[in-house]
Amino acid sequence: MLSVFKKNKGNITEASIKNLIETEFDAEFYAKKYKFLETNDYLSHFLKEGWKEGLDPCEWFSTSKYLIAYPDVAASGVNPFFHYLHYGKAEGRNGGLVAKGNDDLRSLVRTNNFADSEYENSKYFSEACDILGTNTEFSSNNFERFANWTKIVPKANGPHPHVKAFIDSVKATGSGSEAVTSGWVIRKQNSFIWFETNQGQILPMRSAFFQYREDVYNAFEDEMTEALPLTGFVQALTACNPGTVLKIYALSSEGAHEVAQCEVERIESTPKKLAEFLATINTPLSELPKRISKIDEPLISSAIAQKNKAIAAMPHEVYSFGECSNPEASIIIPLYGRVDFVEAQMQCFSKDLFIQNHCELIYVIDDPTLVEPFKKLSSDIHALYGIPFKVVWGGLNRGFSGANNLGVEYATAHYLLFLNSDAFPTNPGWVEQLTDVLNSNSDFGVVSPRLLFADGSIQHAGMEFVYRNELSIWTNHHPNMGIDPSLDPHSEATVVPAVTGACMLMTRALFDSVGGWDNGYLIGDFEDSDLCFKIREQGKHCVYVPTVELTHLERQSFNLTGAPDFRTKVVIYNATRHQNKWSSLLQQSVSKG
Numbered sequence: 062m063l064s065v066f067k068k069n070k071g072n073i074t075e076a077s078i079k080n081l082i083e084t085e086f087d088a089e090f091y092a093k094k095y096k097f098l099e100t101n102d103y104l105s106h107f108l109k110e111g112w113k114e115g116l117d118p119c120e121w122f123s124t125s126k127y128l129i130a131y132p133d134v135a136a137s138g139v140n141p142f143f144h145y146l147h148y149g150k151a152e153g154r155n156g157g158l159v160a161k162g163n164d165d166l167r168s169l170v171r172t173n174n175f176a177d178s179e180y181e182n183s184k185y186f187s188e189a190c191d192i193l194g195t196n197t198e199f200s201s202n203n204f205e206r207f208a209n210w211t212k213i214v215p216k217a218n219g220p221h222p223h224v225k226a227f228i229d230s231v232k233a234t235g236s237g238s239e240a241v242t243s244g245w246v247i248r249k250q251n252s253f254i255w256f257e258t259n260q261g262q263i264l265p266m267r268s269a270f271f272q273y274r275e276d277v278y279n280a281f282e283d284e285m286t287e288a289l290p291l292t293g294f295v296q297a298l299t300a301c302n303p304g305t306v307l308k309i310y311a312l313s314s315e316g317a318h319e320v321a322q323c324e325v326e327r328i329e330s331t332p333k334k335l336a337e338f339l340a341t342i343n344t345p346l347s348e349l350p351k352r353i354s355k356i357d358e359p360l361i362s363s364a365i366a367q368k369n370k371a372i373a374a375m376p377h378e379v380y381s382f383g384e385c386s387n388p389e390a391s392i393i394i395p396l397y398g399r400v401d402f403v404e405a406q407m408q409c410f411s412k413d414l415f416i417q418n419h420c421e422l423i424y425v426i427d428d429p430t431l432v433e434p435f436k437k438l439s440s441d442i443h444a445l446y447g448i449p450f451k452v453v454w455g456g457l458n459r460g461f462s463g464a465n466n467l468g469v470e471y472a473t474a475h476y477l478l479f480l481n482s483d484a485f486p487t488n489p490g491w492v493e494q495l496t497d498v499l500n501s502n503s504d505f506g507v508v509s510p511r512l513l514f515a516d517g518s519i520q521h522a523g524m525e526f527v528y529r530n531e532l533s534i535w536t537n538h539h540p541n542m543g544i545d546p547s548l549d550p551h552s553e554a555t556v557v558p559a560v561t562g563a564c565m566l567m568t569r570a571l572f573d574s575v576g577g578w579d580n581g582y583l584i585g586d587f588e589d590s591d592l593c594f595k596i597r598e599q600g601k602h603c604v605y606v607p608t609v610e611l612t613h614l615e616r617q618s619f620n621l622t623g624a625p626d627f628r629t630k631v632v633i634y635n636a637t638r639h640q641n642k643w644s645s646l647l648q649q650s651v652s653k654g
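Position 525 (the sequence shown) corresponds to 586 in this note's numbering; numbering is contiguous.
Don't read these hints as lab results, they were simulated from the structure. The reader is advised that the hints may include incorrect statements.
Calculated pairs, SDA-like style, for lysine to any residue (alpha carbon to alpha carbon, straight line, at most 25 Å) [what the hints assert, rightly or not]: (1) K437 - P449; (2) K355 - N251; (3) K351 - M266; (4) K333 - E348; (5) K436 - R154; (6) K642 - L532; (7) K437 - K351; (8) K150 - S125; (9) K308 - G235; (10) K184 - E287; (11) K308 - Q260; (12) K308 - L414; (13) K212 - K351; (14) K412 - S518; (15) K334 - S363; (16) K333 - L346; (17) K109 - Y91; (18) K94 - I73; (19) K642 - P345; (20) K308 - P265; (21) K412 - K355; (22) K351 - F204; (23) K212 - Y273; (24) K370 - E404; (25) K212 - L264; (26) K333 - S533; (27) K437 - F382; (28) K437 - E404; (29) K249 - K355.
What you are looking at is a predicted structure, and each value in this text was computed from that prediction instead of being measured.
Modelling step: build the complete structure from the supplied sequences, incorporating the hints.
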């Protein structure tokens, strides 16, 4: 770009710079945003000082981001807003632009708007049709053929006759193995458009997830009569490293036009960070499960798999406080966030002879901040109550499923009982009662007690599944939640679609045969019903036992249809993964509620 400035230096004057900037400069925005300025001549201030201080000339342009995105512009000393208006826009430089407001969207793209009457008769269109056809689905062989074909299509100069596109963002992990881009494109039914990375990946845009963008429709309403209505796109990519450039090309009778480009920014490869970024890409909640199935889940699942691979290599630390010989049941209790419930729970255990004589307690620390505090607390608790237990630390946070699976590695009993640290038995003998129910019928696979809120009302009486039409997903539902236990329609062991992971008991043999807990979910949710479905696949039943009660200090409700914040989107993500995995069993477990 510096060479361009030298070449045209004689044609650029302060007056020409001012005249061009004045056409897009927003004095009202400037005054409102920078109230500290002691001047009313906002344009002159921006021209002389403002841009050097990183001030923005209007709502849709970021001075600092543009200079960061394009070091050659920063080195030239030229006003970045002038550069964009005079050179950058025509070159497709999008860094620093903020897509806000309908009129602003038009300023983000190069326009031509002339008819390409020869397009459908051109050799390029014919060749593209031969490779990809007109179907929305195509094989990996088509992908490879199309990629090779684009390499011989000549690059055309100037804007595309009618295709307009803009990349809002593109993020990739350091390895480039997970990447995602979003933006918008105005295209016709017969358009051939593709992504191209600096690493040579070429991907037809028709493989993207498309959604309605009201802002784009309003900005280009006059052009939408012949255009496809779903203009917003989200696309997963590979071979797309941070610091490189992603481009979008569109085919015309003249060849391939570059219609958009954006520098690839780095994002942390942890599942949570990747999910947080994906959550910032706006999609109506009703459409989010479709996007998750196509885009989010493959990306996040890959990140989770990498994390789990690293977890598997982590060493474990095990501390034993006393010994329990020949236990009948192993009680596995994950610890996360707090340990102050442990002593209260131990008080309950100290009144139960079956636990003292026939159970091994395994506490799994799943929070690095709890390691040292719990070591000290463990010594004090063992000295006070005399009940033996193990403490297992797996080196990092593994999540609910991962912590439970780790605990099983150190369990030696015939029965496994998974218990939350904030669940407290109301009477002794409860573990023995649960094992008796499990043994009463060979078809029983997992049993779970009635759980009560602190106020005595029912929290868990088995689980069922309800289809949420407004979200197009199946969700876990707790029937009879909040009612008085005396109103529970069940008075004896009852087969139910699923039970809660807050307290469930099964044999070690069955647990091993189904492969344990699925650690592929994101930050929890649906892991217990997933395990129940694994058990049901084996022909075994899930059983609710109302004659055994525990108090569980869990929140009493969660509003899934509230504000579309990150937590809500995590629930929708896990629900989508759950139903994609268990669609047939969910259909068999239909709730009419």
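25 Å limit on alpha-carbon distance, applied to hinted pair K109 and Y91: holds (14 Å)
Given pair status - E348, K333, alpha carbons within 25 Å: At roughly 21 Å apart (the allowed maximum being 25 Å), E348 and K333 satisfy the hint.
Given pair status - Q260, K308, alpha carbons within 25 Å: holds (11 Å)
Straight-line alpha-carbon gap K412 to S518, limit 25 Å: Roughly 24 Å separates the two Cα atoms, so the pair holds.
Given pair status - F204, K351, alpha carbons within 25 Å: holds (22 Å)
Given hint L264 paired with K212 - CA-CA distance at most 25 Å: holds (12 Å)
Hinted pair K333 and S533, Cα distance within 25 Å: Within the cut-off at roughly 24 Å; holds.
Given pair status - N251, K355, alpha carbons within 25 Å: The given pair, whose Cα atoms are some 23 Å apart, holds under the 25 Å limit.
Distance restraint between K334 and S363, which requires alpha-carbon spacing of 25 Å or less: Satisfied, since the Cα-Cα distance of roughly 13 Å is no more than 25 Å.
Straight-line alpha-carbon gap K437 to F382, limit 25 Å: Between K437 and F382 the Cα gap is close to 12 Å, so the pair holds against 25 Å.
Restraint status (C-alpha distance of K184 to E287 at most 25 Å): Roughly 23 Å between the alpha carbons, so the hint for K184 and E287 holds.
Restraint status (C-alpha distance of K642 to P345 at most 25 Å): holds (23 Å)
Comparing the model with each numbered hint stated earlier shows that hints 5, 7, 12, 13, 18, 21, 23, 24 do not hold.
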